[in-house]
Amino acid sequence: MAHLTKDKGDLAVAKAIAHLLAHGIHVCLPLSEHLPFDLIAVMPDMVTLKRVQVKYRTLENGFVPFSFRSNYYNSKRIYTVKVDLSQLDAYATFCPETDTVYYLRVDEIPTDAVALRMRVTPPKNGQKKGIWLAQNYLDPYRIANSAYKIECSPRSLTEPIQLAIAHVEIDLLQQGWYTCSPQRWAAPFDLIAVSADMQRLLRVRVGFRQANATIFTDVYALYQPDDHSVRYLSAEHVPTANQYVGGEAHPAMSPLLEVALAG
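Under our numbering, think of the first position of the sequence shown as 8, with each following residue one higher.
Mixed in with the good hints there might be a few duds.
As the list claims (entries may be wrong) - FRET-style restraints, in silico, Cβ to Cβ: (1) Leu170 to Lys136: 26 to 34 Å; (2) Ala269 to Asp146: 32 to 40 Å; (3) Asp119 to Asn152: 21 to 29 Å; (4) Gly31 to Arg207: 37 to 45 Å.
Said to hold, decoys possible - DMTMM-like mimics (lysine to aspartate or glutamate), calculated; alpha carbons at most 25 Å apart, straight line: (5) Lys89 to Asp14; (6) Lys131 to Asp106; (7) Lys57 to Glu166; (8) Lys22 to Asp146; (9) Lys13 to Asp52; (10) Lys89 to Asp52; (11) Lys89 to Glu115; (12) Lys156 to Glu243; (13) Lys156 to Asp91; (14) Lys15 to Asp119; (15) Lys22 to Glu104; (16) Lys57 to Asp119; (17) Lys89 to Asp114; (18) Lys57 to Glu158; (19) Lys15 to Asp106; (20) Lys136 to Glu115; (21) Lys57 to Asp204; (22) Lys22 to Asp114; (23) Lys89 to Glu40; (24) Lys57 to Glu40; (25) Lys83 to Asp119; (26) Lys156 to Asp146; (27) Lys13 to Asp91; (28) Lys89 to Asp204; (29) Lys57 to Asp225; (30) Lys13 to Glu67; (31) Lys136 to Glu67; (32) Lys22 to Glu67; (33) Lys131 to Glu104; (34) Lys22 to Asp106; (35) Lys57 to Asp234; (36) Lys89 to Asp17; (37) Lys83 to Glu40.
Because the hints were derived from the structure by calculation, they are not lab data.
Even glycine gets a Cβ: it sits at the ideal position worked out from N, Cα and C.
Using the sequences provided together with the hints, build the complete structure.
Right, here's the structure in full:
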């Protein structure tokens, strides 16, 4: 049996991904379904990462509604709580009647707001004050400015690398980190690691024993097939002249991501 709410949510995510890709903004999707955001938008500079929650909202009397509350339930009742906006950067809301995605940054939301409505058609009296006009929220680059675009060479994901990525994901999850993977594009990194508090987003380059050095990463994660372990190294500790990262060149690699980041 189809789950109508989930189907609508999935459609909204698909619409947002297609719209972002059409504008040169790439996407990484989380492995977990329980994060406060639905995707990470990777801006064309390959540095700027933004947490985006996607919503499906039908038109209500000419308005697209936004709600900053979420529901959860136990065996006794349904609870409604205000969304922790510190765990998000932006909303992408798909409206089926207009077949459009609208982008609203968290820093634009009034502090005490639990909801707002975007008006699809301007008021006939020309009023602008206090009116959220939907036409002002169409540009996906409202999520974040991106002054330049980086052209990246496609990365070949061999079977050993894919195996390494799977093991790195397991290892990160066991350390309390979440992971997001590139969706429909050849990214210069293999994963985005998200801290448990949702505040830190790290680009992870994965290697099978070793990895080619790249400027498009925050941390290297090397899978060791002999003992199925993973070692981490902050990109800050890799000289720019290095062509590869490996245990022989960097013996101080750590089995813990937090330790590797701390240096």
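Verification of the supplied hints:
1. Leu170 to Lys136: 26 to 34 Å: violated, 58 Å
2. Ala269 to Asp146: 32 to 40 Å: holds, 39 Å
3. Asp119 to Asn152: 21 to 29 Å: Holds, since Asp119 and Asn152 (Cβ atoms, about 27 Å apart) stay within the stated range.
4. Gly31 to Arg207: 37 to 45 Å: violated, 25 Å
5. Lys89 to Asp14: Measuring from Cα to Cα gives roughly 24 Å; hence the hint holds.
6. Lys131 to Asp106: holds, 23 Å
7. Lys57 to Glu166: Violated. Lys57 to Glu166 sits at ~30 Å, over the 25 Å cutoff.
8. Lys22 to Asp146: holds, 14 Å
9. Lys13 to Asp52: It is violated: about 32 Å lies between the C-alpha atoms, which goes past 25 Å.
10. Lys89 to Asp52: violated, 33 Å
11. Lys89 to Glu115: holds, 16 Å
12. Lys156 to Glu243: Roughly 23 Å between the alpha carbons, so the hint for Lys156 and Glu243 holds.
13. Lys156 to Asp91: Violated - the C-alpha atoms of Asp91 and Lys156 are around 31 Å apart, more than 25 Å.
14. Lys15 to Asp119: With Cα atoms ~28 Å apart, Lys15 and Asp119 exceed 25 Å; violated.
15. Lys22 to Glu104: Holds - the C-alpha atoms of Glu104 and Lys22 are around 13 Å apart, at most 25 Å.
16. Lys57 to Asp119: holds, 23 Å
17. Lys89 to Asp114: holds, 16 Å
18. Lys57 to Glu158: OK: Lys57 and Glu158 at ~19 Å, within 25 Å.
19. Lys15 to Asp106: Holds: Lys15 and Asp106 sit about 13 Å apart, inside 25 Å.
20. Lys136 to Glu115: holds, 15 Å
21. Lys57 to Asp204: holds, 15 Å
22. Lys22 to Asp114: Roughly 23 Å separates the two Cα atoms, so the pair holds.
23. Lys89 to Glu40: holds, 19 Å
24. Lys57 to Glu40: Satisfied, since the Cα-Cα distance of roughly 17 Å is no more than 25 Å.
25. Lys83 to Asp119: Violated: Lys83 and Asp119 sit about 29 Å apart, past 25 Å.
26. Lys156 to Asp146: Cα-Cα ~17 Å, so holds.
27. Lys13 to Asp91: Roughly 22 Å separates the two Cα atoms, so the pair holds.
28. Lys89 to Asp204: Holds, at about 17 Å.
29. Lys57 to Asp225: Within the cut-off at roughly 15 Å; holds.
30. Lys13 to Glu67: holds, 20 Å
31. Lys136 to Glu67: holds, 21 Å
32. Lys22 to Glu67: holds, 20 Å
33. Lys131 to Glu104: Measuring from Cα to Cα gives roughly 21 Å; hence the hint holds.
34. Lys22 to Asp106: holds, 9 Å
35. Lys57 to Asp234: Violated. Lys57 to Asp234 sits at ~35 Å, over the 25 Å cutoff.
36. Lys89 to Asp17: Answer holds: Lys89 to Asp17 is near 23 Å, not above 25 Å.
37. Lys83 to Glu40: Roughly 23 Å between the alpha carbons, so the hint for Lys83 and Glu40 holds.
The structure does not agree with the numbered hints 1, 4, 7, 9, 10, 13, 14, 25, 35 stated previously, though it agrees with the rest.
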